[in-house]
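K.L.:
One-letter residues, chain by chain:
Protein chains: 4
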Amino acid sequence: MSSTFGTVFKVTTFGESHGAGVGVVVDGCPAGIELSEVDLQPQLSRRRPGQSDLTTRRDEKDEIQIYAGVDGGITLGTPIAMMVLNQDQRPADYDEMANVPRPSHADYTYRAKYGVSAASGGGRASARETIGRVAAGALAEKVLSREHGVEIVAWVSAIGSIEIEPPPEGTVGRAQVDANDVRCPDSAIAEKMIEAIQAIRKEGDSLGGIITCECRGVPAGLGEPVFDKLEAMLAGAMLSLPATKGFEIGSGFEGTRSTGSAHNDVFVKNARGLGTATNRSGGIQGGISNGEPIVFRVAFKPPSTIAQEQETADYDGNTVAFRGRGRHDPCVLPRAVPIVESMAALVLVDMALRQAARRSPPE
Amino acid sequence: MSSTFGTVFKVTTFGESHGAGVGVVVDGCPAGIELSEVDLQPQLSRRRPGQSDLTTRRDEKDEIQIYAGVDGGITLGTPIAMMVLNQDQRPADYDEMANVPRPSHADYTYRAKYGVSAASGGGRASARETIGRVAAGALAEKVLSREHGVEIVAWVSAIGSIEIEPPPEGTVGRAQVDANDVRCPDSAIAEKMIEAIQAIRKEGDSLGGIITCECRGVPAGLGEPVFDKLEAMLAGAMLSLPATKGFEIGSGFEGTRSTGSAHNDVFVKNARGLGTATNRSGGIQGGISNGEPIVFRVAFKPPSTIAQEQETADYDGNTVAFRGRGRHDPCVLPRAVPIVESMAALVLVDMALRQAARRSPPE
Amino acid sequence: MSSTFGTVFKVTTFGESHGAGVGVVVDGCPAGIELSEVDLQPQLSRRRPGQSDLTTRRDEKDEIQIYAGVDGGITLGTPIAMMVLNQDQRPADYDEMANVPRPSHADYTYRAKYGVSAASGGGRASARETIGRVAAGALAEKVLSREHGVEIVAWVSAIGSIEIEPPPEGTVGRAQVDANDVRCPDSAIAEKMIEAIQAIRKEGDSLGGIITCECRGVPAGLGEPVFDKLEAMLAGAMLSLPATKGFEIGSGFEGTRSTGSAHNDVFVKNARGLGTATNRSGGIQGGISNGEPIVFRVAFKPPSTIAQEQETADYDGNTVAFRGRGRHDPCVLPRAVPIVESMAALVLVDMALRQAARRSPPE
Amino acid sequence: MSSTFGTVFKVTTFGESHGAGVGVVVDGCPAGIELSEVDLQPQLSRRRPGQSDLTTRRDEKDEIQIYAGVDGGITLGTPIAMMVLNQDQRPADYDEMANVPRPSHADYTYRAKYGVSAASGGGRASARETIGRVAAGALAEKVLSREHGVEIVAWVSAIGSIEIEPPPEGTVGRAQVDANDVRCPDSAIAEKMIEAIQAIRKEGDSLGGIITCECRGVPAGLGEPVFDKLEAMLAGAMLSLPATKGFEIGSGFEGTRSTGSAHNDVFVKNARGLGTATNRSGGIQGGISNGEPIVFRVAFKPPSTIAQEQETADYDGNTVAFRGRGRHDPCVLPRAVPIVESMAALVLVDMALRQAARRSPPE
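Residue numbers (numbering that gives the first Met the number 0), protein chains in the order written: chain A, 0 to 362; chain B, 0 to 362; chain C, 0 to 362; chain D, 0 to 362.
Because the hints were derived from the structure by calculation, they are not lab data.
Since the model is a prediction, treat every value here as computed from it, not as a measurement.
Where hints are given, some of them may not hold.
Copies of the same chain are indistinguishable here, so a pair counts whether it falls within one copy or spans any two.
Okay, derived cross-link-like pairs now, EDC-like style, lysine to aspartate or glutamate, Cα gap no bigger than 16 Å in a straight line [said to hold, decoys possible]:
no.	residue 1	residue 2
1	K268	E190
2	K60	E36
3	K268	E168
4	K141	E59
5	K268	E164
6	K141	D315
7	K268	E310
8	K268	D204
9	K191	E162
10	K201	D52
11	K60	D315
12	K201	E310
13	K141	E36
14	K191	D180
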C-alpha cells in the first residue's frame with residue numbers, strides 16, 4: 000500500500016532483508032535511454048554492507064540484475080525490474096529476539112500494524128530495503144544527468160557532535176566524498192569522525208549524525224504547488240528513510256532566528272537570467288526550484304541496535320535484559336550517503352517529468 | 000496536479016488569494032458523521048487575518064459554507080465541498096510589483112513554471128490557500144476525535160531567538176495556547192515574544208520561529224511503510240506549508256548528538272500493554288505509531304514580504320529598490336498554529352482509514 | 000474516494016442533485032489557455048434538462064460559474080473550480096419514497112454502502128452529477144482542439160429497436176446532430192425515434208438506446224499500456240456514466256464473429272505516413288491510438304424511474320405498489336450525447352498530457 | 000506509468016514476452032493469509048500456452064515463484080513479489096518482421112509512442128504480460144474466497160458465430176468449464192467450437208468469441224461512485240486485456256431494446272434481506288454491488304497474427320506481402336478464461352478493501 004513512490008517515474012520496491020531477494024520495479028522511465036547493470040552498480044556498492052570497517056560486517060556483494068524493461072541495452076519505456084538476490088543470511092541471529100521487541104526498532108509497531116510477528120531481521124524496516132531505492136535512484140540520476148546535467152552530491156557533515164563547516168556551494172564532488180571511509184569532505188574532521196565511530200563500536204554503542212545534500216543544475220520550474228512542493232517531496236522522501244529524525248532546507252531551523260530583511264535572497268542578474276545573491280531559500284521558492292543549488296540536511300539518529308545490554312520489556316510486559324545480536328552498523332551515515340542521493344534523484348526526476356506533462360501538448 | 004492530498008481521505012483545495020473564493024473538496028470522509036459549519040469555523044477563525052495586532056490587518060471574516068456532501072446535518076459519504084468567499088481584496092496593492100519578483104517569494108518561480116505572470120497577491124502561494132486545508136483539517140479532527148479520542152495541540156515554541164522550555168508531554172491544551180495572542184503556552188515568554196513581534200513590525204521587518212505539535216491518543220499501528228511512513232507523511236505535510244524550512248520528530252536534530260544507548264526508548268509495561276519509558280522516537284518507530292504522543296517541530300522562516308526597502312533586480316535584470324506593499328504578517332506563527340494542527344489531522348485521518356483498509360475484509 | 004478522474008488532468012466532481020450546487024475542480028490544466036464561461040456553457044446547455052419535450056420537465060438553466068484558476072481570462076495552471084447552483088428543487092417529490100428503494104435505482108445499494116438513508120433525489124447517483132463532468136469536458140475539448148485539432152462528435156445511433164446505419168467515418172458534425180431533438184444524424188430515422196419517445200412517455204414508460212462517438216484528429220501514440228490502455232480508459236469512463244450497460248470499440252461484439260484474415264486492418268501509405276485500409280480496430284491498437292478515428296458505442300438502458308406502477312418490496316420486505324414521482328426523462332440519450340463527448344475528452348486530454356510526461360525532459 | 004492496477008490492493012506487472020521473465024508485485028495484500036506457490040499455480044496452468052491443441056504450441060511451464068512478502072507460509076502485509084522465468088524463447092522468429100508493422104498488432108503504435116523499435120515478440124503487448132495478472136488474481140481470489148465466500152467462474156459462451164444459451168445463474172462451476180479444451184460449459188456446443196477452431200487453424204486463420212463471467216457471493220456495498228463504479232472498474236479491467244473489443248454487464252446491449260417497465264429489477268424479500276426478482280442489472284446498481292451475482296460478457300476479436308499472407312505496408316510505406324511467423328493461438332478464448340477471472344478478482348478485492356477503508360475507524 001505504500002511501497003510505491005512517485006507519480007510519473009513510479010518506483011515500487013519489494014523484499015525483506017532475510018528473504019530471497021530485494022528489488023524494485025520502475026514504471027514510467029522514458030524509452031531510449033542506454034542502460035545496463037554497469038550504470039547501477041557503483042551506487043549499490045557505495046551502499047553495500049561490509050565495504051569498510053565502519054560498517055556492519057555482514058558481507059553482501061549486492062549485485063544488481065535487470066530482469067525486464069531493457070532490450071539491446073536500451074530502455075523500452077516499459078517497467079524496468081531489478082533485483083539483488085540475498086546471500087549472507089543468518090536468521091538464527093534473530094531467533095532469541097522472538098518475544099522481545101527491540102527498543103526503538105520497528106518490531107513492536109509492525110506487530111501492532113500487521114498482527115503477525117515481525118519478520119526476522121526487521122523485514123521491510125531493515126536498511127536492506129533501501130537497495131531498491133538505490134537501484135532506481137541510480138537510474139533516475141542517469142536520466143537527470145543526461146537531460147539537464149543535474150548533479151547530486153551528498154556527504155556526511157556531522158557524526159555525533161563532530162561537525163564540519165559548510166563548504167561553499169558547488170565545491171564538493173563524489174571523489175572527494177569517497178576519499179575517506181566516513182564520506183566527509185573535510186579530511187581532517189573525517190579522521191576524528193572515524194575515530195569516534197571506531198571507539199563507539201568498541202563500546203557496543205552507536206552514533207548518529209547529519210548528511211548534507213546538494214543538487215546542482217536543477218532547472219527553475221520544478222515542484223508542484225500546493226501539496227507537492229519540491230521541499231515537501233524532499234522532506235517526505237528523506238523522512239521515509241530508516242533512522243531519520245529531521246529535515247531542513249536552506250537556512251532551516253537556524254534561519255528561524257533571523258529577520259526577513261536579513262534572510263531574504265534578493266535577485267541579481269546572472270548568466271541564466273536572474274539568480275539570487277544568497278541562497279537561504281535552499282534553491283526553492285514557493286515550492287518550485289529557482290535554478291540555484293538545492294541544499295538540504297537530514298538528521299540520522301544513532302542506530303537502535305547495539306551490543307550493550309538494555310533493560311526493557313518483552314511482549315508480555317516482563318522486564319528483561321536485552322542485547323542486540325546480528326551484525327549491525329555502529330553508524331549508518333557513511334552508507335546512507337548514496338541513499339540520500341538516490342531519494343533526491345527520485346524526487347527530481349519525477350518532478351521533471353511531471354513538469355513535462357504540465358506543458359500543453361506540442362503542436 | 001498537486002492540489003490533492005491524501006489517499007483515502009482525499010483533500011483537494013482550490014482558489015487564489017484575490018479571486019472569488021478559496022475552498023476545498025474532501026472525498027472519502029466516512030458517512031454518518033454530524034457536521035455543520037459550526038464544527039469548522041473555530042479553527043478558521045484562529046487562522047483568519049486581522050484577529051490580533053500581531054497579524055496582518057487585512058480583515059477577512061473567513062466564513063465557511065458547506066455546498067455539498069452533507070444532508071440533514073449528516074455526512075453522506077460523498078464529496079464534501081466547502082468554500083470561503085473572498086471579501087477584502089485590494090489587487091491595486093500589487094500593481095506596481097508587476098515587473099519585480101519579490102525576493103524569497105514565489106513570483107519568479109511561478110513564472111518559470113507556468114509561463115504566465117503570477118496572479119496578483121501570490122495566487123496559490125498565498126497563505127490564503129491554507130483556508131481549504133484548515134476547513135478539511137477541522138473535519139478530520141472531528142472524525143479522529145469521535146473515533147479515537149485523538150487530540151492534536153500545537154503551539155508556538157520559539158519566535159526568533161526567544162524559545163520556551165519544552166513543556167511535559169500531554170500538559171498543554173488549546174485554551175492555554177489561546178490565552179495570549181502569540182499562542183505560546185508559557186505566558187511569561189509569550190509576553191517577550193509579543194514585544195519582539197511588535198518591535199519588528201515597527202521596523203518594517205519580520206520574524207520567524209518554531210511551532211511544536213503534539214498528537215495524543217493516536218493508536219499504535221498507523222503509518223504505511225515503506226514510503227508513506229508516518230513521519231514521512233508528516234514531514235511532507237508540514238513542508239508543504241508556506242514559509243516552512245524544517246521538520247523534526249522526537250529527538251530531531253539534537254538527537255543526532257546522542258548515542259544509541261542513551262537514545263533508545265526501552266519498553267515498559269503500562270495500561271495499554273507496552274509503552275516506552277522515554278519518547279525520543281516521537282511516538283513513531285519504523286514509520287508506524289507506537290501509541291505514545293507524536294511530537295514534532297516545524298521551522299518557519301521570517302516572512303519575506305517586508306516594508307523595508309530592498310535592493311533587488313526586476314525581471315529584466317535591472318537593479319531596483321523594492322518595498323513590499325499590501326498588508327502582511329510580521330510573523331506568521333500565531334496564525335500557523337491551527338494550520339499545523341490541520342495538516343497533522345489530515346495525515347492522521349488518512350492513515351487511520353488506510354489502516355482500516357489494510358485489515359482483511361470483515362466476515 | 001472516487002469522485003476524482005484522471006492522472007494529470009485531474010477532475011474532482013461534487014454535489015448532490017438536491018443540494019446547494021454541483022461542480023468540479025480541475026487540477027492539472029495547462030496554464031495560458033483563454034477561458035471563460037462562454038467556452039463551457041454550450042455543452043452544459045446541450046446537457047441541461049427541460050431543453051425539449053423529449054426530456055424531463057425539470058427546468059434548470061445550469062449556468063456555470065468559474066470560481067478559481069482563471070485570471071484575466073487566462074488559465075493560471077492552478078485548480079479551476081466551477082459550479083452550477085441548483086435552482087428548481089422539489090425535495091417533497093421524494094418524501095414518500097423514503098422507505099421504498101426504487102427498482103433498478105441506487106437507493107438500496109447506497110444504503111448498503113454508506114449506512115445512511117440515500118439523499119433525496121438520488122444524491123450522487125443522479126444524472127445531475129454529470130454537470131461537473133461536462134464543464135470539465137468542455138475545458139478538455141478546448142485544450143484538445145487548440146493543440147491537435149482533435150474533434151469529438153457523438154450522436155444517438157439507436158433508440159430502443161430503431162437503429163440507424165453507421166454513417167461513414169468523419170462525416171457527422173455537431174450541427175447535424177443538433178438538427179433534431181433526439182440528436183440522431185439521420186433525420187428520417189430521428190423522426191421515428193422522437194415519435195417512439197413521445198409514445199413511451201405517454202405510457203409512463205421509458206426507452207434505452209445506443210450512442211456512437213467518434214474522436215478525430217487524435218495523434219498516434221496516446222494510451223498507456225498495460226492497464227491504462229486507451230480503450231480501457233474509455234470503457235471505464237463510459238461505464239461510469241449513469242444508466243450505461245455496455246461499451247464496444249471498433250468492430251466490438253459483432254467483430255467476434257469474424258476471422259483474423261477478414262478482421263485485420265492492413266496498413267497503407269497515406270499523408271500522415273501510415274494509415275490503415277479499414278478501421279475495425281476503432282483507432283486503437285495495443286491500447287495506443289494509431290491516428291485513425293476512434294470510434295466506440297455505448298449502451299444505455301431504459302431509465303428505471305417510470306410513472307407506471309410496479310410491484311416491489313420496501314426496505315422491510317413488505318410488498319408494495321410503487322410509482323415513480325418527480326420529473327424524469329423518458330429517455331436519457333439526447334441529453335447524454337454531450338456527456339459522452341465530455342468523458343471522451345477527459346480521457347484524451349489526460350492521455351495527451353501523460354504522453355507529454357513520458358517524453359524525456361527537454362534540453 | 001500504467002503497469003499498476005488498483006488503489007489498495009495494488010498490482011504492478013513487469014516483463015516482456017521474450018526477456019528474462021515476467022512477474023508482478025502486489026502491495027496492500029492483508030497480512031496473515033496462508034500463501035504458497037501451490038495456491039497460484041492452478042490458474043497459471045490454465046493460462047499457459049501449450050496446454051491443448053487449441054492453443055499455441057509455444058510450450059512454457061510457467062512455474063511461478065514467490066520472492067518476497069511471505070514468511071513461513073504467511074503473508075506479511077508487505078509487497079508480494081512473484082515471477083515466472085521465461086524458457087522457450089525464439090526471438091529469431093521475429094527478425095524478419097523488423098520493418099513491417101504487423102496488421103492490427105501493436106508494433107506500429109508502440110513505435111509511435113515510445114520512439115524505439117518494438118521489442119521482439121510484442122513486448123508488453125504480448126499475451127505473456129498477463130502472467131502477472133493471473134498470479135495476482137489467484138492471490139486476490141484467495142482473499143475473496145476466505146473472507147466472503149466469493150466465487151468467480153468464467154467460461155466461453157461464443158466462438159465465432161457458435162453461441163450457447165446463457166446457463167441459469169449460479170449453476171456453472173470450474174470443473175464443468177474445464178471438462179473440455181475450449182472451456183465451454185455446454186459439452187455439445189463445445190464440440191462444435193473445438194471443430195471450428197481446429198478448422199480455422201488449418202486455414203492459417205483465427206477466430207474470436209465471447210467470455211461470460213459470473214461473480215457470486217459478492218456482498219452488497221462494493222463499488223465507489225462516481226468514477227470508480229463497480230461496472231466501470233470491471234469494464235476498464237476487461238478492456239485492458241489484449242484483444243478485447245467490448246464489455247457488457249447484465250442486460251448489456253440487448254437491454255437497450257427493452258423498456259423501463261420490462262427492464263427494471265423489482266425487489267423481493269429473501270434470506271439476505273432484499274434481493275431482486277430478476278437480474279438485468281447484472282448485480283450492480285448505481286455503481287455498487289447489490290448482492291446478486293455480477294454477470295458480464297467480454298468480446299475478444301480474432302487474433303491478428305495469422306499464417307495467411309496479407310498485403311500490407313512496411314514502415315516506409317512500401318506494399319509488402321506479410322505472413323505471421325512465431326507460434327500463436329488460433330483462438331485466445333480458452334486461455335483467456337482464467338485471465339478474465341483474475342481481472343475480476345483484482346477489481347473485487349480492491350473494492351472490498353476500499354470499502355473497509357470507508358468505514359470510520361473502529362473504536
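K.L.:
Take the hints in turn and mark each one as holding or not.
P.N.:
We went through each hint and held it up to the structure:
1. In this assembly of identical chains, K268 and E190 lie within 16 Å of each other by CA distance neither inside one copy nor across copies; the values are 41 Å within and 43 Å between.
2. Taking identical chains as interchangeable, the C-alpha atoms of K60 and E36 lie at most 16 Å apart only when both belong to the same chain, with a minimum of 14 Å there against 28 Å between chains.
3. In this assembly of identical chains, K268 and E168 lie within 16 Å of each other by CA distance neither inside one copy nor across copies; the values are 19 Å within and 50 Å between.
4. Taking the shortest alpha-carbon separations for K141 and E59, neither the intra-copy value of 25 Å nor the inter-copy value of 36 Å comes in at or below 16 Å.
5. For the homomeric pair K268 and E164, neither the shortest alpha-carbon distance inside one copy (28 Å) nor that between copies (44 Å) is at most 16 Å.
6. Taking CA atoms no more than 16 Å apart as the test, K141 paired with D315 passes in neither setting, with 50 Å inside one copy and 33 Å between copies.
7. For the homomeric pair K268 and E310, the shortest alpha-carbon distance between copies (12 Å) is at most 16 Å, but the shortest distance inside one copy (61 Å) is not.
8. Taking CA atoms no more than 16 Å apart as the test, K268 paired with D204 passes in neither setting, with 51 Å inside one copy and 25 Å between copies.
9. In this assembly of identical chains, the alpha carbons of K191 and E162 lie at most 16 Å apart only when taken from the same copy (10 Å versus 32 Å across copies).
10. Within a single copy, K201 and D52 get their C-alpha atoms as close as 12 Å, which meets the 16 Å cut-off; across copies the closest is 58 Å, which misses it.
11. Taking identical chains as interchangeable, the C-alpha atoms of K60 and D315 are never at most 16 Å apart, the minima being 39 Å within one chain and 48 Å between chains.
12. Taking identical chains as interchangeable, the C-alpha atoms of K201 and E310 are never at most 16 Å apart, the minima being 20 Å within one chain and 56 Å between chains.
13. When the C-alpha separation of K141 and E36 is checked against a cutoff of 16 Å, the pair qualifies only within one copy, where the shortest distance is 12 Å, while the shortest distance between copies is 37 Å.
14. When the C-alpha separation of K191 and D180 is checked against a cutoff of 16 Å, the pair qualifies only within one copy, where the shortest distance is 12 Å, while the shortest distance between copies is 47 Å.
Of the hints listed earlier, those the structure fails to meet are numbers 1, 3, 4, 5, 6, 8, 11, 12, in rising order.
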